[in-house]
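Novice: Below are the chains, spelled out letter by letter.
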Amino acid sequence: MSLKRKDLLSLASLSADEITLILETADSFKEVTGREIKKVPALRGKTVVNLFFEPSTRTRTSFELAAKRLSADVINFAPSSSSVVKGETLLDTARNIEAMQADIIVLRHSSAGAAETLANGVKSSVINAGDGWHEHPTQALLDLYTIRQRGMSFKGLRVAIVGDVSHSRVARSNIYALVKLGAEVRLVGPPTMMPCGVEKLGPKVYHHMDEGLRDVNVIMMLRLQLERQGRALFPTIREYSRLYGLTADRVRLADTGVIVMHPGPINRGVEIAPEVADSLSSVILDQVANGVAVRMGILYLMSGANS
Amino acid sequence: MSILIKGGRVIDPGRFVGTVDVLIDNGKISAIGPNLSAPVEARTIHASGKLVMPGFVDLHVHFREPGFEYKETIQSGSAAAVAGGFTTVCCMPNTNPVNDNQAVTEFMLERSRLAGLANVLPIGAITKGSEGKELAEIGDLRRSGCVAISDDGKPVMNSLVMRRAMEYALAFDLAVVDHCEDLHLAEGGCMNEGLISTELGLPGIPAAAEDVMVARNLSLSELTGARLHLAHISTAGSVRMVREAKGRGIQVTAEACPHHFMLTEELVRGYNTHAKMNPPLRTWTDVHAIKEGLRDGTIDVIATDHAPHATQEKQQDFTEAPFGIVGLETALPLTLGLVEEGVLSLEQAVQKLTSAPAAAFGLNKGTLAVGADADVVIVDQYEQWEVDPSKFRSKSRNTPFAGWKVKGRVTVTIVGGRVVFEAGVTEQ
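Residue numbers (the working numbering), protein chains in the order written: chain A, 1 to 307; chain B, 1001 to 1428.
Some clues are possibly wrong.
[Said to hold, decoys possible] Pairs of lysine-lysine residues, derived as DSSO-like cross-links and limited to a Cα-Cα distance of at most 27 Å, are as follows: (1) B:K1246 - B:K1314; (2) B:K1314 - A:K123; (3) B:K1006 - B:K1314; (4) A:K6 - B:K1133.
[Said to hold, decoys possible] Far from chain A by the CB rule (all over 12 Å, computed), these chain B residues: (5) G1116; (6) L1200; (7) E1320.
Read the hints as simulated data drawn from the structure, not as lab findings. The beta carbon of each residue, even a glycine, is placed where N, CA and C say it ideally should be.
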């Protein structure tokens, strides 16, 4: 079976079967990352370009490592948004890269829809590595992989996503995927951080954390963008932390086997207490490790190497 | 030079509807009636089966000159206007420099004279530089030819400044035009706020950003007695409030744009930058409310908000791309669509493109009365055509209506007794 699409732009547009295929493909690469020689020739001769308009260390590194372990040639292209000459469109930049025969472009951009715009304009495969507040499909896929690795099945799984859902592409991708896979998704946060009409996408919204966490199997914490203080989304970090910070006491409200996730980088003591981040329930570092295997699986499927 | 328009169905809103001849002499309408005979040297235009109407009046266009001539010039904008049946257009002041002084106003009028196509009437800025702080020299603007004042696109947020502008404009009997948008509520938004903005991850502009400013402006109009004109209203809330205000006798006129009665926010899906305008495309509920407002007279005027942008600007990603679409060359068939749909009678539709906008700004236009300026448009109501942006007279191509099959097309446009557009004939 293969992924019959040129691009990976969103999880909203993927079927449950396609999501499952990606997770299963990642399994075989997870095995590779455990070997002494962590390299396979699957993408030899292919070129992967990491086109990152927004600063990112972990996602870019993860993609770079994934591509290298598949033996692809990798180029990192990081035009800071300000240095891109006004008037040069995203498409112009991408066409230049395409002219160098890139097979896959991995795009991170601050504007929602940038990946889709790019995909419509170039023949290369485009993988969305985060576009504005829209989606971050590979992050959600590695989250799903991590949940599944813990032996949990998605049907009926209770997942709480806590924090600023409005401005979170990680939350959107996870909502789309988890709802499709049959999980019960709860969003926890103040009304100022809940996007308009989000319940129509399937999840249930909770404004009180204790209520939202009751009996959940998975807690996904979102990073609080500290610079949003002063934008009237929340009064102070102190109050936010008191109302929506994940403490050990709050973890006890959840199911006994609960796992705690975070896309990183974490604000210790703000949205997550240090002892929770470092506890046995925390799978935060597993997420990072799985990220490479999942992205190897995605690059492999997108490259058409298996067809 | 005389022109005799023979046998057309004349629609002069509020005055006359019927099949008669129209005689134009010395730039004026000189006679209307059955079986007029042409003076010897007159050109005769046979219009049987066609509509003969006052030239359309657009209260809301952006011709980008001075400052952004790569998007549009007064010449190219005027060519687009007359091709779309518009003989009078009012230009918003968001040029560079801003039209907040006599020099810019006179420059625009001079350019228009050189173009020699449509009547281009400048709208002056309310405040210096449209910065919302100090009043522009409104008296001077009026004297040099401005027909209204507006800080369109940069609405006056300070309510005291807006109050003073309304009071001051009373001395010159000038309409005060506001683009109703609370800039704090709208901050960073680029489409309607709702489920679709949530799905697409795009920052939204809530309907409330428009509604609160409509409410404010209506209150200020009530306080000052100003002649308030609301630009491009797009929400059900605006329509409701304007209806209520008119019911209480408050001085207000309102306009709606074809895209706001034809399209919804659904069109943004796929991050289509031709669906990005401000105010944004809204919901079906809003579209229905706009139509109802047009039908019952709450909304007086159909205007285009013709906002040309270069292709490369609209090719940027959605959040970066500028707001706005061109409208002059598609407004007629889209408006006639409302007639077909039964929302408006033909006469009502014509009124909203002619006499109603003229009345809103107090312009001596929009009528075929004997003695009036001979601004006339002849339209084949039934001609079907496909919107092809590459054929636009406008310099810009940014329209969401490309490929639409529409009905109703301009055959001849006459401005001041001179034929300035004829279908199938490339102008000079």
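Novice: Compare the structure with each hint and give your call.
Specialist: Now the hints, each set against the structure:
no., hint, verdict
1, B:K1246 - B:K1314, "violated, 38 Å"
2, B:K1314 - A:K123, "holds, 21 Å"
3, B:K1006 - B:K1314, "violated, 44 Å"
4, A:K6 - B:K1133, "violated, 52 Å"
5, G1116, "holds, 33 Å"
6, L1200, "violated, 6 Å"
7, E1320, "violated, 6 Å"
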